[in-house]
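Q: Sequence:
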Amino acid sequence: MEYLQNNPYISTDARKNLQPFILANNKIYLQRYFYYETIIIEKIYTLILNSNIDRNKNLLIENAGFVKNLLDNNDLDNNQISWQMVAIISAVINNFTIITGGPGTGKTTTIAKFLSIVFKMFPDISIALAAPTGKAAARMNQS
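Residue 0 is where the sequence shown starts when you use numbering that gives the first Met the number 0, and the numbers rise one by one after that.
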């Protein structure tokens, strides 16, 4: 570790000493990707801080009938948890959500239902969606 800290091509403070590599939290980053990651973290943090959770919860309650009809899942037993419903409600309440899962786990369906609720609650809202692959992006566009 000492060798890395003393290497002239590696900076331990990206703000003061711009080098091709950054050493932070015992990890080495390419300077460019360290910068990208830092910007993304700051944007996510800002979204989370600006969440209006109480307003979103109240709007969700006001639209409970619409939400119940949309999320009603007759395939589940009474004691089973609908993780899709949990993900959707969490996404509606919070300003930032990541939805993950393997193929066929309902990510696209979850996003479509989430968008239906959000557009009902906020008709003029602007939403940004991102997908890791072209295929995933195409599936989101189809929905």
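Keep in mind that the hints are not guaranteed to be accurate.
[Unchecked claim] Result set (PhoX-like, lysine-lysine): computed pairs, CA atoms no more than 20 Å apart in a straight line:
#1 K106 / K134
#2 K67 / K134
#3 K134 / K56
#4 K56 / K67
#5 K67 / K106
#6 K119 / K134
Because the hints were derived from the structure by calculation, they are not lab data.
Q: If a hint holds in the structure, say so; if it does not, say that too.
A: Structure-based check of all given hints:
Annotation: proposed proximity of K106 to K134 holds, straight-line Cα distance about 13 Å (limit 20 Å). For the given pair, K67 sits about 30 Å from K134 by alpha-carbon distance, which is inconsistent with the 20 Å threshold. Among the hinted pairs, K134 with K56 is inconsistent with the structure: their alpha-carbon atoms are about 33 Å apart, more than 20 Å. Between K56 and K67 the CA atoms are separated by roughly 14 Å; this keeps the pair inside 20 Å, and the hint holds.
Between K67 and K106, the direct Cα distance comes to roughly 19 Å. Compliance with the 20 Å bound is thereby established for this hinted pair. Distance hint between K119 and K134 is unfulfilled; the C-alpha atoms sit about 27 Å from each other, more than 20 Å.
Hints 2, 3 and 6 from the earlier list are contradicted by this structure; the remaining hints agree with it.
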